[in-house]
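Top line first, the protein sequences correspond to chains V and F. Under numbering that gives the first Met the number 0, the first residue of the first sequence is numbered 0, with each subsequent residue one higher. Under numbering that gives the first Met the number 0, the first residue of the second sequence is numbered 0, with each subsequent residue one higher.
None of these hints come from the bench; they were simulated from the model. In this text the structure is predicted, and so the values were computed from the model without any measurement. Worth double-checking, as some hints may not be accurate.
[Unchecked claim] With a cut-off of at most 20 angstroms between alpha-carbon atoms, the simulated SDA-like pairs for lysine to any residue come out as follows:
hint, chain 1, residue 1, chain 2, residue 2
1, F, K174, F, V344
2, F, K354, F, D371
3, F, K174, F, V161
4, F, K175, V, H95
5, F, K174, V, A51
6, F, K354, V, P63
7, V, K68, F, R172
8, F, K174, V, P93
9, F, K354, F, V344
10, F, K174, V, H95
11, V, K68, V, Q91
12, F, K354, V, I59
13, F, K174, V, E31
14, F, K354, F, A326
15, F, K174, V, I50
16, F, K175, V, I59
17, F, K354, F, H370
18, F, K174, V, K68
19, F, K175, V, F64
20, V, K68, V, S49
21, F, K354, V, K68
22, F, K174, V, G62
[To be verified] Label pairs and their calculated CB-CB ranges:
hint, chain 1, residue 1, chain 2, residue 2, range
23, F, T165, V, P20, 25 to 35 angstroms
24, V, G100, F, V47, 50 to 60 angstroms
25, V, P20, F, D72, 46 to 56 angstroms
Beta carbons are placed, not taken as given, at the ideal position from N, Cα and C, and that holds for glycine.
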Amino acid sequence: MTQYAIFLYAPDADEDREPNPAAGEEHVRYSEQMQASGEMVCAFALEDSSIATSLRGDVITDGPFLEAKEVVLGLYVVDAPDLDAALAIARQNPIHHQGGGVEVRPVEDSWIRPTSS
Amino acid sequence: MDSSDVELAIVSAHRSEWARLLATTMQMTRDIDVAEECVQESFAEALVTWNRDGIPNNPGAWLTTAARRRAVDVLRRETTFRAKMPLLIDDDESDEGNAMAGSNDVGPSDWSREGSDVVQDQRLRLIFMCCHPALNPEAQLALTLRLVCGMSTPDIARSLLVSPSTMSARLTRAKKKISIARIRVEVPRESELTDRLRSVLGVIYLLFTSGHTAPSGDSLLRTELIDESILLARMLCTLMPDEPEAAGLLGLLLVNDARREARLGANGEPLRLDEQDRSTWNQFTIAEARELIEFSMRRSRPGRYGLQAAIALLYAEAPTFDETNWAQIRHLYDELLLVWPSPVVALNRAVVTSKTSGPQAALGEVEALEHDERLASYHYLYSIKAEFLSQLGRTDEANDEYRRAAELSTNDAERRFLNSRIVDL
Numbered sequence: 000m001t002q003y004a005i006f007l008y009a010p011d012a013d014e015d016r017e018p019n020p021a022a023g024e025e026h027v028r029y030s031e032q033m034q035a036s037g038e039m040v041c042a043f044a045l046e047d048s049s050i051a052t053s054l055r056g057d058v059i060t061d062g063p064f065l066e067a068k069e070v071v072l073g074l075y076v077v078d079a080p081d082l083d084a085a086l087a088i089a090r091q092n093p094i095h096h097q098g099g100g101v102e103v104r105p106v107e108d109s110w111i112r113p114t115s116s
Numbered sequence: 000m001d002s003s004d005v006e007l008a009i010v011s012a013h014r015s016e017w018a019r020l021l022a023t024t025m026q027m028t029r030d031i032d033v034a035e036e037c038v039q040e041s042f043a044e045a046l047v048t049w050n051r052d053g054i055p056n057n058p059g060a061w062l063t064t065a066a067r068r069r070a071v072d073v074l075r076r077e078t079t080f081r082a083k084m085p086l087l088i089d090d091d092e093s094d095e096g097n098a099m100a101g102s103n104d105v106g107p108s109d110w111s112r113e114g115s116d117v118v119q120d121q122r123l124r125l126i127f128m129c130c131h132p133a134l135n136p137e138a139q140l141a142l143t144l145r146l147v148c149g150m151s152t153p154d155i156a157r158s159l160l161v162s163p164s165t166m167s168a169r170l171t172r173a174k175k176k177i178s179i180a181r182i183r184v185e186v187p188r189e190s191e192l193t194d195r196l197r198s199v200l201g202v203i204y205l206l207f208t209s210g211h212t213a214p215s216g217d218s219l220l221r222t223e224l225i226d227e228s229i230l231l232a233r234m235l236c237t238l239m240p241d242e243p244e245a246a247g248l249l250g251l252l253l254v255n256d257a258r259r260e261a262r263l264g265a266n267g268e269p270l271r272l273d274e275q276d277r278s279t280w281n282q283f284t285i286a287e288a289r290e291l292i293e294f295s296m297r298r299s300r301p302g303r304y305g306l307q308a309a310i311a312l313l314y315a316e317a318p319t320f321d322e323t324n325w326a327q328i329r330h331l332y333d334e335l336l337l338v339w340p341s342p343v344v345a346l347n348r349a350v351v352t353s354k355t356s357g358p359q360a361a362l363g364e365v366e367a368l369e370h371d372e373r374l375a376s377y378h379y380l381y382s383i384k385a386e387f388l389s390q391l392g393r394t395d396e397a398n399d400e401y402r403r404a405a406e407l408s409t410n411d412a413e414r415r416f417l418n419s420r421i422v423d424l
């Protein structure tokens with residue numbers, strides 16, 4: 000099994016845009032499915048990109064590291080036997096019919112703090 | 000009670016107490032918007048009560064009590080506030096919030112129990128929060144005017160020449176970032192203080208220069224920004240009395256502001272230093288600036304603002320333009336370049352070099368800067384070079400440089416001036 004990171008991208012949100020609860024629900028269902036199947040290793044949903052702070056050397060700037068039309072919304076790490084399997088998982092992501100897309104990249108190494116008992 | 004007296008008292012309290020009130024209230028509510036609302040309501044309450052019962056002996060204490068009472072009401076309504084609100088302040092530093100939640104006593108005794116040093120410190124925390132480098136410079140400027148100066152959003156929008164809706168969105172976004180990213184209300188640690196202070200000084204200075212530019216706006220609005228920037232610089236000096244750069248910045252603002260009346264000609268056109276009527280310069284302000292600048296320069300290595308202020312002071316103290324102490328100014332520019340290696344500073348130094356060593360030496364300095372990409376579209380580079388060339392009698396080359404400068408300039412009045420120089424030759 001290989002671990003794949005799946006980055007969720009979408010057009011940078013208009014700050015005045017109303018949040019869409021239905022779209023959020025879809026992501027919850029998708030993520031629950033992957034938890035049940037055991038494919039999901041971990042997942043992170045990020046705050047709006049406008050909340051980001053970037054650091055280049057000593058210089059702090061307000062906003063995402065790259066100025067782009069599309070921004071990272073969050074990421075999953077999933078277990079899959081090969082790229083096609085990972086892409087199949089990624090294809091199920093509701094982001095595709097919400098105006099966004101994904102980037103799939105094998106994880107080279109990882110470390111997660113063990114849960115303290 | 001005369002209602003105009005009450006109005007005056009409220010305006011004056013708004014000016015002197017706003018930042019203190021907001022900082023104190025924010026420590027209780029842990030939410031900027033809620034705190035702003037509480038403070039605003041305390042002023043509305045003051046308007047009614049003071050008209051009825053008279054102006055209290057200590058308006059600041061009265062307003063603090065009123066704002067706190069409102070904050071306590073809000074906290075009672077939102078019993079789950081701790082779970083919902085991001086922690087703006089360290090728990091151990093804000094036991095007040097806990098004390099308040101279970102106590103009815105928000106009388107003047109609470110106010111007097113708190114030393115004034117603590118209250119001032121809260122104001123300083125507020126300034127550092129507004130000027131946090133993780134907020135973009137435009138947001139820093141707007142937040143400082145809103146939260147520290149208590150300026151209304153439409154007034155800020157007018158002063159900074161943007162639409163009220165844009166300004167409102169900018170402020171909302173900045174507050175959201177503070178809350179979600181958890182930018183704390185605190186004075187930075189010693190190790191970060193220099194960098195963070197630079198951003199505070201930068202915001203105040205930008206505010207001052209914004210007041211001087213934008214000649215399209217109403218002149219009153221520009222004055223308002225200048226006044227707010229001086230007020231902020233004074234506040235910073237009071238809060239950080241040992242900080243030479245805070246004194247340097249205030250000195251710089253004052254020495255420039257002393258020439259406020261002389262800067263414009265009869266028809267509102269800006270006048271160069273050598274054209275200004277020196278008798279209208281405010282000597283009282285210059286004297287105050289001198290004291291601050293001397294304090295700032297007593298450091299083994301004076302900073303950027305102290306040095307700029309010292310240069311401005313030498314210009315201000317010369318009895319006539321020709322009697323300006325150019326050699327001393329040239330020396331200060333050398334020091335300024337060491338702490339602030341900016342090509343614009345180097346270019347300004349070249350102008351002074353032309354006074355101390357003549358146009359040939361000055362031209363050499365400008366030519367050395369021509370390869371700096373940062374100045375590639377800076378039209379002053381070419382107009383200054385043209386000036387030196389024409390002083391050397393190299394008319395054709397000077398004309399070329401004037402044309403280049405005129406092409407790069409975006410200001411009509413400036414372009415007219417540059418083109419007139421070509422005809423002159």
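Comparing the hints with the structure gives:
1. Between F:K174 and F:V344 the CA atoms are separated by roughly 35 angstroms; this puts the pair beyond 20 angstroms, and the hint is violated.
2. Using a Cα cut-off of 20 angstroms, the hinted pair F:K354 and F:D371 is violated, with the two alpha carbons roughly 24 angstroms apart.
3. Taking the CA atoms of F:K174 and F:V161, the gap is near 18 angstroms; set against the 20 angstroms cutoff, the hint holds.
4. At most 20 angstroms may separate the alpha-carbon atoms for a hinted pair to count; F:K175 and V:H95 exceed this at roughly 28 angstroms.
5. As the CA atoms of F:K174 and V:A51 are separated by approximately 13 angstroms, the hinted pair is consistent with the 20 angstroms bound.
6. A C-alpha spacing of about 47 angstroms is found between F:K354 and V:P63, which places the hinted pair above 20 angstroms, so the restraint is violated.
7. In summary, the hint linking V:K68 to F:R172 is supported, as the alpha carbons are separated by about 19 angstroms, within the 20 angstroms threshold.
8. For the proposed pair F:K174 and V:P93, the alpha carbon gap of about 31 angstroms is over 20 angstroms, so the pair is violated.
9. For the hint linking F:K354 to F:V344, the alpha-carbon distance of about 16 angstroms falls within 20 angstroms, and the restraint holds.
10. Annotation: proposed proximity of F:K174 to V:H95 is violated, straight-line Cα distance about 32 angstroms (limit 20 angstroms).
11. Simply put, V:K68 and V:Q91 have alpha-carbon atoms about 23 angstroms apart, too far for the 20 angstroms limit, and the pair is violated.
12. Distance check on the hinted pair: F:K354 and V:I59 sit about 40 angstroms apart at the alpha-carbon level, beyond 20 angstroms; violated.
13. Only pairs whose Cα atoms come within 20 angstroms are accepted, and F:K174 paired with V:E31 is rejected, the gap being roughly 33 angstroms.
14. Our distance criterion of 20 angstroms between C-alpha atoms is met by F:K354 and F:A326, whose separation comes to about 8 angstroms.
15. Note on F:K174 and V:I50: the hinted pairing holds, with a Cα-Cα distance of about 10 angstroms set against a maximum of 20 angstroms.
16. Simply put, F:K175 and V:I59 have alpha-carbon atoms about 18 angstroms apart, close enough for the 20 angstroms limit, and the pair holds.
17. With a C-alpha separation of about 24 angstroms, the suggested pair F:K354 and F:H370 falls outside the 20 angstroms cut-off, and the hint is violated.
18. With a C-alpha separation of about 23 angstroms, the suggested pairing of F:K174 with V:K68 is violated against the 20 angstroms cut-off.
19. Between the alpha carbons of F:K175 and V:F64 the distance comes to roughly 19 angstroms, so the proposed pair stays at or under 20 angstroms and holds.
20. For the hint pairing V:K68 with V:S49, the CA-to-CA distance comes to about 12 angstroms; that is within 20 angstroms, so the pair holds.
21. With a C-alpha separation of about 51 angstroms, the suggested pairing of F:K354 with V:K68 is violated against the 20 angstroms cut-off.
22. Proximity of F:K174 to V:G62 is assessed by CA-CA distance (about 14 angstroms); at most 20 angstroms being required, the pair is judged to hold.
23. Between F:T165 and V:P20 the beta carbon distance is about 28 angstroms. The supplied range of 25 to 35 angstroms therefore holds.
24. Checked against the given bound of 50 to 60 angstroms, the beta carbons of V:G100 and F:V47, roughly 58 angstroms apart, stay inside it.
25. Under the hint 46 to 56 angstroms, the C-beta atoms of V:P20 and F:D72, about 31 angstroms apart, miss the expected range.
Hint compliance for this structure: hints 1, 2, 4, 6, 8, 10, 11, 12, 13, 17, 18, 21, 25 are broken, all remaining hints hold.
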